[in-house]
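Peer 1: Listed here are the chains, written in short residue letters.
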Amino acid sequence: KAGVTQTPRYLIKTRGQQVTLSCSPISGHRSVSWYQQTPGQGLQFLFEYFSETQRNKGNFPGRFSGRQFSNSRSEMNVSTLELGDSALYLCASSFSSVLNTEAFFGQGTRLTVV
Amino acid sequence: KNQVEQSPQSLIILEGKNCTLQCNYTVSPFSNLRWYKQDTGRGPVSLTIMTFSENTKSNGRYTATLDADTKQSSLHITASQLSDSASYICVVWHGILTGGGNKLTFGTGTQLKVEL
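As you go down the protein sequences, you meet chains G and V in turn. According to the working numbering, the first sequence is numbered sequentially starting from 268. According to the working numbering, the second sequence is numbered sequentially starting from 899.
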């Protein structure tokens, strides 16, 4: 059974640009959640999508958005990139809501903003 | 303020020894607490999930405890192995379990190194 797949693995962008990251969940999983990991702030929860609807949301500005497609694949978009957005972005998939079922993480996308 | 604090920040132990990692939280209302293991350069891997009514949960050589009254959890690792070297992260969900709008707070992790 394939695990959670995130693409691309590495990305370099310039301040002010926008970026879209992709996450393909484990087959049969309906929830995809997104996280940001930085050396200074550690892991932080961005949001969760379940059956194409945003279900739970962390404390990030509106520049961070996401969506989920009917096949459960999810994309996360960051607009007007700032240097502080440089981080490892992780997604996780869960069979049901990530709130009460086990989450399986992907390898992450390493975003560098220059 | 909702916080999850872990101690120690880092720990070095000899292979074969046991160790205990601590997690204290102040979040409310509590939904569940999770322990994750994260190897360098990889995504976190779930070790245990504990709800309010659970006191102890084991996963192989890993045993987590939860005291919901004192808002403390611990992760005990028995007979440590070199492969246990990783960051261990305590995570707490807080909010109304059945609805949306729930929040997730991560601890800053304990960096464990197991040496020969």
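Heads up, some of the hints might be wrong.
[Stated by the list, open to error] According to the in silico footprint, chain G covers these stretches of chain V (three or more CB under 8 Å from chain G): (1) 943-954; (2) 963-970.
[Stated by the list, open to error] In silico negatives: residues of chain G with every beta carbon more than 10 Å from chain V: (3) 271; (4) 294; (5) 296; (6) 332; (7) 334; (8) 348; (9) 352; (10) 359; (11) 369; (12) 380.
Bear in mind the hints are in silico, worked out from the structure with no lab data behind them. Idealized CB from N, CA, C, for every residue including glycine.
Peer 1: Now tell me, hint by hint, if it's right for this structure.
Peer 2: Here is what the structure says about each hint:
1. Restraint check on the stretch 943-954 of chain V versus chain G: 3 residues with Cβ-Cβ distances below 8 Å, three needed, restraint holds.
2. Here's how the stretch 963-970 of chain V fares: 0 of its residues keep a CB closer than 8 Å to some CB of chain G, so the rule of at least three is not met and the hint is violated.
3. Listed as a non-interface residue, residue 271 of chain G fails to keep its Cβ farther than 10 Å from every Cβ of chain V; the least gap is roughly 8 Å.
4. With a least CB separation of 18 Å from chain V, residue 294 of chain G remains clear of the 10 Å interface cut-off, as annotated.
5. Under the 10 Å C-beta cut-off, the non-interface status given to residue 296 of chain G relative to chain V holds; the minimum distance is some 14 Å.
6. Every CB of chain V lies more than 10 Å from the CB of residue 332 of chain G, the least distance being 16 Å, so the non-interface label holds.
7. Every C-beta of chain V lies more than 10 Å from that of residue 334 of chain G, the closest at about 16 Å, which supports listing it as non-interface.
8. With a closest Cβ-Cβ approach of about 23 Å to chain V, residue 348 of chain G is found to remain outside the 10 Å limit, as its non-interface label requires.
9. No beta-carbon of chain V is positioned within 10 Å of the beta-carbon of residue 352 of chain G; the least distance is around 18 Å.
10. Remark: the non-interface label on residue 359 of chain G conflicts with the geometry, its nearest Cβ contact in chain V lying 7 Å away (cut-off 10 Å).
11. For residue 369 of chain G, the condition that its CB be more than 10 Å from all CB atoms of chain V is violated, with the nearest at approximately 5 Å.
12. With a minimum CB-CB distance of about 20 Å to chain V, residue 380 of chain G clears the 10 Å threshold, and the non-interface call stands.
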